[in-house]
Amino acid sequence: MATQQTRLLGRLAVAPSVIVLFLWMIVPLALTIYFSLLRYNLLDPGNESFVGLLNYEYFLSDPTFFAAIGNSLKLVFAVLAISVIGGILLALLLDQAIVGLNIVRLMVIAPFFVMPTVSALVWKNMFMHPVSGLIAWLMKSVGLEPIDWFAQYPLTAVVIMVAWQWLPFATLILLTAIQSLDEEQKEAAEMDGTPPLSYFYYIVLPHLARPITVVILIETIFLLNVFAEIYVTGSGGPAGNLPYLVYFQGLLNFDVGGASAGGIVAVVLANIVAFFLIRMIGRNLEG
Amino acid sequence: MARAVSLRRRTITTAAAWLIGFLIFFPILWTVITSFKTELEAFSTPPKFLFFEWTTENYGIVQERSNYLRFVSNSLILSIGSTLVALLFAIPAAWAMAFAPAKRTKDLLMWMLSTKMMPPVGALIPVYLIFRDLGLLDSRGGLIVVLFLLNLPIIVWMLYTYFKEIPGEILEAARMDGASLWKELVYVLAPMAVPGIASTLLLNVILAWNEAFWTLNLTTSAAAPLTAFIASYSSPEGLFWAKLSAASTMAIAPILVLGWFAQKQLVRGLTFGAVK
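So the protein lines, in turn, are chains A and B.
Just so we're on the same page, the numbering used here is the position in the first sequence counted from 1, plus 537.
Just so we're on the same page, the numbering used here is the position in the second sequence counted from 1, plus 23.
Quick caveat, the hints were computed from the structure, so don't treat them as lab data.
Don't be surprised by glycine CBs; every beta carbon is placed ideally from N, CA and C.
The reader is advised that the hints may include incorrect statements.
Okay, the calculated beta carbon distance ranges per label pair [as the list claims (entries may be wrong)]:
hint, chain 1, residue 1, chain 2, residue 2, range
1, A, Tyr595, B, Leu111, 37 to 45 Å
2, A, Glu721, B, Phe284, 26 to 34 Å
3, B, Ala221, A, Leu560, 24 to 32 Å
4, A, Ser586, B, Phe284, 50 to 58 Å
5, A, Leu579, B, Leu111, 33 to 41 Å
6, B, Ser258, A, Tyr571, 35 to 43 Å
7, A, Phe587, B, Phe49, 52 to 60 Å
8, B, Pro69, A, Leu560, 51 to 59 Å
9, B, Ser96, A, Leu590, 44 to 52 Å
10, A, Tyr595, B, Leu92, 41 to 49 Å
11, A, Phe559, B, Asp156, 15 to 23 Å
12, A, Ile563, B, Ser258, 50 to 58 Å
13, B, Arg127, A, Gln542, 15 to 23 Å
Generate coordinates for the entire structure from the input sequences, incorporating the hints supplied.
Structural data, given as C-alpha cells:
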C-alpha cells in the first residue's frame with residue numbers, strides 16, 4: 538500500500554527531525570574536536586593557535602582528570618547498584634497484597650520529579666549539615682559522632698542524593714513489569730508451593746531481564762551526565778565528575794582548548810558504555 | 024489480587040511498604056514542613072516536627088525579594104515552549120514512521136536514541152560560544168531550542184509507540200471510503216492520536232522543567248528558570264532553610280502533581296515502549 542507518493546510524503550515528514558538532530562549532534566561535536574586541537578583561551582582572544590594533541594597531553598597527565606573519570610564511574614556504578622537492587626526488592630514488596638498501594642506508590646515515585654537543584658540543596662543543608670542536619674541529630678541521639686558529609690565523604694553524599702532520585706525510577710519501571718507477570722503463573726507457582734527464592738529466580742528474574750536492561754541503559758545515560766548536584770553543593774573539588782571538570786575548565790578557567798579535550802574524552806567514554814549497552818539491549822529487546 | 028493472602032502476611036507487607044514509602048517521601052515532606060517554620064525554628068536542634076508556630080511568611084518573602092513569579096513564568100515558557108516545538112517536528116515524523124515505515128525506519132529510530140547518548144559536555148563549549156556570539160546567552164529563545172533538541176528523540180520515540188498502536192486497517196477503511204489524506208488526518212487519526220500526544224506532552228514538560236545542565240550553564244538571570252533560581256540559594260542564602268524550603272516547595276509542587284498523573288507515561292516514555 539506504500540505508494541510512491543506516500544513514500545515521498547513519509548520522507549518529507551521525517552526529514553525535519555532527522556536534519557535538526559543531525560546538526561545538533563554533528564556541529565557541536567565537530568567544533569569541540571576542532572577546539573580541542575587549539576590553544577584557545579577566552580581571556581586571550583585572537584591568539585588561537587593549532588597545538589595538535591597538546592591539550593590531551595595536559596589533560597591525560599593531570600591527576601584531577603583521572604579523579605574526575607574515577608568519580609564519574611563510581612557515581613554511575615554506585616547509583617546503578619543501589620537503584621537496581623533496591624528497585625527489584627521494592628518492586629517485589631509492592632507487588633504483594635498491600636493496603637493503600639496507590640498512595641505508597643505515589644510516595645515512592647515522588648523524588649523522581651524533584652528538580653536536581655532542589656534535591657541537592659535540601660539534602661546538603663537540611664539533612665547532611667554536620668551540626669543542624671537531621672542526620673547529624675539522629676546520629677547524636679543514638680550516641681554516634683555526626684558525619685560532616687561534604688567534608689569527609691563528598692562523593693558518597695552525592696551518590697546518596699542521586700540514588701534517592703533514581704531508586705524511584707527503577708522501582709516504578711520494575712513494578713510495572715512485575716505486575717504484567719501473568720497472574721495465573723503466579724497462582725500456579727503458589728499452589729505448587731514453590732519456595733520464594735526459586736519463584737524469584739526462575740519466574741520473576743527472567744521476566745525482569747528486559748526491564749532491568751532498559752533501566753540500566755536509561756540510568757547510565759543520565760548518570761554519566763550528573764552535573765547540578767555537584768555544581769550546586771560546591772563539591773566539585775573532591776567529587777567532581779567529567780561534566781563538572783569540563784564546565785570548570787571551560788567556563789570558569791576560560792580554557793576552551795583544554796575543556797574541549799575533556800569533552801571529547803567524555804564523548805569517547807559515553808560511546809564505550811553505549812556500545813556495550815546497545816549490544817546488551819539489542820540482545821534483550823529483539824525477543 | 025486474586026491470590027488468597029493471610030491477614031498476618033498482609034499486615035506485615037503493608038506496614039513494611041508504608042514505612043519504606045514514608046522514608047523515601049520524607050525529604051519532600053520535611054521540605055514542605057520546614058517552609059512553614061521561622062528561620063530560627065528551621066535551624067533548631069532537636070528538630071521540631073509538627074509542634075511549632077506555623078507561618079506562611081516565607082512564601083511572601085521569597086516572592087517579594089526575588090520576583091519569584093518571573094522564574095516560574097520562565098520555567099513555564101521554556102518547558103511548554105520547547106515541548107510544543109518538538110511536537111511540531113515529531114508528530115509528522117512519528118506518523119510517517121508508524122504508518123509508512125521504510126526499510127530504514129528501525130535504524131533511524133535507533134540512531135535518534137543514540138543521539139541521547141552523546142553527553143552534553145561534549146557540546147557545552149561550542150554551544151556556549153555560539154550562543155555568546157549570537158547574543159543568545161540568557162535568552163529564552165536560545166534555551167527553548169536546546170531543550171527542544173534535547174527531548175526530540177524521546178518525543179519521536181514516544182509518539183511512535185503510541186501511533187503504532189492505532190490499527191492501520193482503520194486508515195485503510197477510511198481511504199477505501201474515499202477520504203482524502205487531509206480528512207484521514209483530521210477525522211480518523213487525530214482523535215485516536217490525541218491521548219498519546221497529550222501523554223508525550225506531559226512527560227516532556229516534566230523533563231524540561233527539571234533539566235538542570237543547560238539551564239544552569241546558559242542562563243544568568245533574565246531567562247533563568249526555577250532550577251537556576253534554586254541554585255542561587257546554594258550559598259550563603261542556603262543558610263536560610265525556611266526560605267529555601269518555601270522556594271523549593273513552590274518549585275516542585277506543580278510538577279509533582281503532574282508527575283503523579285504521568286506515572287504510566289513515564290514508564291512508557293522513558294523505556295522507549297519496552298515496558299508498558
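Range hint compliance [Cβ, A/Tyr595 to B/Leu92, 41 to 49 Å]
At 46 Å between Cβs, range holds.
Range hint 51 to 59 Å: satisfied by the CB atoms of B/Pro69 and A/Leu560?
Hint holds: Cβ distance 57 Å, inside 51 to 59 Å.
State, for the Cβ atoms of B/Arg127 and A/Gln542, whether the hinted interval 15 to 23 Å holds or is violated.
Check passed, 19 Å falls within 15 to 23 Å.
Honestly, do A/Phe587 and B/Phe49 meet the 52 to 60 Å range at C-beta?
Since A/Phe587 and B/Phe49 have Cβ atoms about 55 Å apart, the given range 52 to 60 Å holds.
Satisfaction of the hinted span 15 to 23 Å by the C-beta atoms belonging to A/Phe559 and B/Asp156:
holds (22 Å)
Starting from the hint 44 to 52 Å, judge whether the C-beta atoms of B/Ser96 and A/Leu590 obey it.
Distance hint for B/Ser96, A/Leu590 holds at roughly 47 Å.
Kindly confirm whether 50 to 58 Å is satisfied by the beta carbon distance between A/Ser586 and B/Phe284.
Holds - the Cβ-Cβ distance for A/Ser586 and B/Phe284, about 55 Å, lies within 50 to 58 Å.
Could you check the hint for me, namely that A/Ile563 and B/Ser258 are 50 to 58 Å apart, CB to CB?
violated (39 Å)
Distance restraint evaluation - A/Leu579, B/Leu111, Cβ atoms, bounds 33 to 41 Å:
With Cβ atoms ~35 Å apart, the hint holds.
Range hint 37 to 45 Å: satisfied by the CB atoms of A/Tyr595 and B/Leu111?
holds (44 Å)
Satisfaction of the hinted span 24 to 32 Å by the C-beta atoms belonging to B/Ala221 and A/Leu560:
holds (29 Å)
Kindly confirm whether 35 to 43 Å is satisfied by the beta carbon distance between B/Ser258 and A/Tyr571.
The hinted range 35 to 43 Å holds for B/Ser258 and A/Tyr571, with Cβ atoms some 36 Å apart.
The structure fails hint 12 only (numbered hints given earlier).
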